Amino acid sequence: MLLEVKDLRVQFHTRRGVVKAVDGVSFSLDRGETLGLVGESGSGKSVSCMALMRLVEAPAGRIVGGSVLLDGQELLDLSEREMRQIRGGQISLILQDPLSSLNPGYTVGNQVAEAIRIHQGLRGRALRDSVVEILSQVGIPQAERRLKQYPHQMSGGMRQRVAGAIALSCRPSLLIADEPTTSLDATVQAQYLRLLSELQQEFQFGMIFVTHDLGIVARLCDRVAVMYAGRIVETGSTRQIFNEPAHPYAKALLATLPSLESRKKRLLTVSGQPPLAIDLPPGCSFAPRCPEVMDICTEEFPAEATTGDRHRVLCWLHSPSDEMSLSAR
Amino acid sequence: MRRFILARLAQAVVSIFVLITVLFFMVRLTGDPVERMIPPQVTEEMANELKAAYGLDKPLLVQYGVFLGGLVTGDLGTSLYFRGRTVGELLSLRILPSLELSVFSMMFSLLIALPLGVYAAKYRGRGSDYVARIFSILGGAAPSFLVGLVMLRIFSVQLQWFPTGGREGLLSVVLPTFTLGWFVSAGIMRLTRSSMLESLYGDYVKLARIKGVRESVVIWKHAFKNAALPVITYATVIFAAVIGGAIVTEYVFAWPGVGSLLIRAVIQRDFPVIQGAVILIGTAFVLCNFLADLAYAWINPKIRYTR
Chain U
0 MLLEVKDLRV QFHTRRGVVK AVDGVSFSLD RGETLGLVGE SGSGKSVSCM ALMRLVEAPA
60 GRIVGGSVLL DGQELLDLSE REMRQIRGGQ ISLILQDPLS SLNPGYTVGN QVAEAIRIHQ
120 GLRGRALRDS VVEILSQVGI PQAERRLKQY PHQMSGGMRQ RVAGAIALSC RPSLLIADEP
180 TTSLDATVQA QYLRLLSELQ QEFQFGMIFV THDLGIVARL CDRVAVMYAG RIVETGSTRQ
240 IFNEPAHPYA KALLATLPSL ESRKKRLLTV SGQPPLAIDL PPGCSFAPRC PEVMDICTEE
300 FPAEATTGDR HRVLCWLHSP SDEMSLSAR
Chain W
0 MRRFILARLA QAVVSIFVLI TVLFFMVRLT GDPVERMIPP QVTEEMANEL KAAYGLDKPL
60 LVQYGVFLGG LVTGDLGTSL YFRGRTVGEL LSLRILPSLE LSVFSMMFSL LIALPLGVYA
120 AKYRGRGSDY VARIFSILGG AAPSFLVGLV MLRIFSVQLQ WFPTGGREGL LSVVLPTFTL
180 GWFVSAGIMR LTRSSMLESL YGDYVKLARI KGVRESVVIW KHAFKNAALP VITYATVIFA
240 AVIGGAIVTE YVFAWPGVGS LLIRAVIQRD FPVIQGAVIL IGTAFVLCNF LADLAYAWIN
300 PKIRYTR
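As they're listed, the protein sequences go chains U and W. The first sequence runs contiguously to residue 328 in numbering that gives the first Met the number 0. The second sequence runs contiguously to residue 306 in numbering that gives the first Met the number 0.
Simulated from the structure, these hints should not be mistaken for laboratory data. Computed from a predicted model, the values in this text were never measured in an experiment. Using N, Cα and C, we set each Cβ at its ideal position, and we do this for glycine too. It is possible that some hints are incorrect.
To be verified - Just some of the chain W residues that point at chain U, by a computed CB distance under 8 angstroms:
#, residue
1, L148
2, K205
3, L206
4, K210
5, R213
6, V217
7, H221
8, N225
9, I298
10, N299
This is chain W alone, in the form it adopts within the complex (with noise of 0.2 angstroms):
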């Protein structure tokens, strides 16, 4: 087991840097910070100036080079569009209430989508089953920002029961934690339930009414543990996936995110928000990968003992 967790780390470590690299080059490909940063009356001469008080004057590999430097130290660099702001300052205002959604949206996802996954694959074919699947297709399809906005047209304008936006009080987190736990859920449902029907008809769980276990403990003791391994993966990542993707909904409900941050700092040419955002999405995502293949490793003894 030790070997395996060292190992998968490793794996980890390798998958960050070449994020980071192949990110400092692509962000760099989108244009000049500066000519969004100043008005078209300036002189070149100024604008160089500016340019080389960012750095930006440099060689590529020059500038690559102090930017790792800087990592190595936990500098993640200064805004470019946020005048005299570091961007660690920046994403650490950020980072809590991105955790806050995406944890609150996850555990109502999961809430939902498990039992509606297993009771749907249980009576397949029958109403309940047509009911999760329903439930299950609307929320996959109906984009976000309209799902949020009708949300906030009935409980937030019309019956005013909770605030129309920001991140204020316990009742404020309600309508983006719906939202994003929705879409999410949907996946994760039909996931569920169509590894609940493989594993329904295995011959382990024909075996398990053979003995007599109650039904209920035939489904979920046998039949959802084995089940459960590709969801959990699957989960894993879009919690990953959410932290710092839920753009959409941070934006229509106002939430101080790191996703609303990261969609103003691409805008804005800032690079190195936006590097310090998608490093830390990605730190996330790769971080949320590994605990997924500890948590299937504890889960399905088979991997345990071959790797």
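Extracted from the complex, chain U is given alone in its bound form (with noise of 0.2 angstroms):
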């Protein structure tokens, strides 16, 4: 196993209270894996992004709980100086904008390099072929010639494929996108798609997709986990949610996508807001949005059921006992 994290809980302290955005959350990951991790905004899928490369905005936000393992190895027990040597190395993170995650006064050729200085310790000529090499894998035309360039000089789409030559130039074993193509044209964004599936292939790193495109999901992810309130609700295989959604949650965002026969419908949305995390109640998170409320469900939280193959929910639905209720339902 790659990477298993469990019970992962972040903590910020603001005026209001403390606001528990990751509060619980377990998975694991296989080399050449790829997990999609789906929800609202503000259900916590980015602050445990960065929450895995220790990375959560300090004083105000805290991992304050559980177990991050890298190939063994416990990474929240590591010094600040040793973590440093897992980023950009080990783990490597793509962020959404790419406008504005590279550095506006540096060349493009800087800029990769400076990773691939700090991890591989290269200099003169070895990094600059170096560089060279990994902006050509990335599907840069002409590499040797956009090294002087600065970002502002590149398209959406290019400055895209930079950071994942940044993110990717140290051979990371995990690689985490963070909506890498919200911002992208659907066009660059399926070749982009299709690019990071291909150096997957080449270089069987683990990835987390941070999404709220179904679409992309479906077409790129191994395994999906639905995210709600700072917990996954529900994980299985990408068939096994598509397919039989256990989670109220998760059968109400696969009914927002759209298709040919509910073309002359209304889109659909999942009614309500999602809860701010501050003094959430003490059931489960969903249940004032949720159509299949049950009296149980605003007074205690539910167990985790599993059924099946990794296949796994959070909900009063499918109580733990019960191996079969998934199915049946």
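Using the hints, put the two standalone chains together into the complex.
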């Protein structure tokens, strides 16, 4: 197992109270596998990802518990210095907006070179060759000539490729992509996703792909984790989640996918607002919006129900003792 | 880049010309300098002779033409108050002290304000942030004459570490530098802090951390370079203002600079000296702005290539 996250908890201390942004998240990931992390804005996807790299904004934000094992090594116990070796070396992250994530004041070559210099200690000619190589690998034409260009001289798609090059320059074993295609055109988006898959085939890194685009999930991901209010409420293979979603929130999300048959009807939405993660109610956080809510849902938090091969759900509709309940519904 | 420089240079020349023209006519709105030069019992005839001697009897436009003609040949005229001394001569004695004081104060304030602003932003809301902000508020709010007098009282009169005034030796520079530098550093520090706060929360800073870059490099290489842009512009403009505008500080420490010459000239309606001093200060101002633009373009590649 490449990555094992157990009961990860991140809190933010604000004036209005403690926000439990990530509240007991557990999942695992194999080498070469892609996990789609889906959920509404504010559900804790991005914070979870930053927490894996131990980059939660201090002093307000803190990882308060849990375990993150990468290749069997506990990341939460490492010193800051050791952690810097992991960041950009073993774990990389591609941010959402290629426009703002590249530094406007330095050339593209300089910015790609920085990670390689830090983690592989290359200098001079070897460093330059290495930069050109990775830029070509992410499909940037005439990479040699691009080294001296600044981010603003490139298109959005090219810039996101540069961000990809930075992330992959040190051959990480885990790549986190935080909605990397949201700001790209549809065609550029498709190219970029294909590129990511190809690179994953080649380098065999595990990938966590954060998105709220279920279409991308269906195409790209092996498994899916659905997040709601700081928790993963359902996780399973992409096929399981799409064909037999168990949690009412997952069902609602899937129902929002437009299809040709539903063209004439109104676009579906998940009604209501996601809760603020301050002072969450004792029961299930989705209960106020849930179409299938029962009495117990507002009183107690549901225990995890497991069914079949790595398909797990947090919902009273599926009690942990009743193994058959999932397929029955 | 060359077109950029030429365009800026042309703008600078136009600015100076406008300044000179406005200045010439405005100075003459303040009243008649001859009234100040002669005792009341002098006859009108003699006063008119004096006016004629200085060319003040001619129509304004003719005076303006003569003035411009002089400027072209580098002749700023003769002082009305310091009889027989040319404006160029008077100014040349004052430029060096003024430059000296402004360069020292600028260096002092940058050395203090930049690190203070950067770390105040980095540790926002904590102890060092408050200390830095109090330092800056005091520097900006306390009038220079007060700071200057307190400095004089403590360090010159009681401790006798520094001379009380004048410009003799390196020691005499210390107190005026501190007084002026503290005032200047307040604005620079505040601007650095707010500019850093913005860039510290930028995505490219996040990306630098994600790459595993050391925190000090994240701050100085990635965040500071982008945060420095407005600070450079501001500091350059302030520097220009300090060259000619350190009037109060120069006065308190009897510093023989352009500022103290200008204030005396204004009181005496010494038109040529006022004109000369303001042209000097204004030119320094425009020149500094020009340099700020160049520095800005040099640091920010976006400007370099799009204009």
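Checked hints:
1. The interface hint given for L148/W is broken, as the beta carbon of that residue sits about 42 angstroms from the closest beta carbon of chain U, more than 8 angstroms.
2. Because the closest C-beta pair between K205/W and chain U is about 7 angstroms apart, less than 8 angstroms, the hint holds.
3. Interface hint status for L206/W: upheld, as the beta-carbon distance to the closest one in chain U is roughly 5 angstroms, under 8 angstroms.
4. Evaluation of the K210/W hint against chain U yields a held restraint, the C-beta minimum of about 4 angstroms falling below 8 angstroms.
5. Taken as an interface hint, R213/W checks out: its beta carbon lies about 7 angstroms from the nearest beta carbon of chain U, inside 8 angstroms.
6. A cut of 8 angstroms between beta carbons decides the hint on V217/W: the least distance to chain U is about 10 angstroms, and the hint is violated.
7. Restraint check, H221/W versus chain U: the minimum CB separation of about 6 angstroms is within 8 angstroms; hint holds.
8. Hint on N225/W holds. Least Cβ distance to chain U is approximately 5 angstroms, under the 8 angstroms limit.
9. With a cut of 8 angstroms, the hint placing I298/W at the interface with chain U holds, because the nearest CB-to-CB distance is about 7 angstroms.
10. At about 7 angstroms, the closest approach between the beta carbon of N299/W and any beta carbon in chain U falls short of 8 angstroms, and the interface hint on this residue holds.
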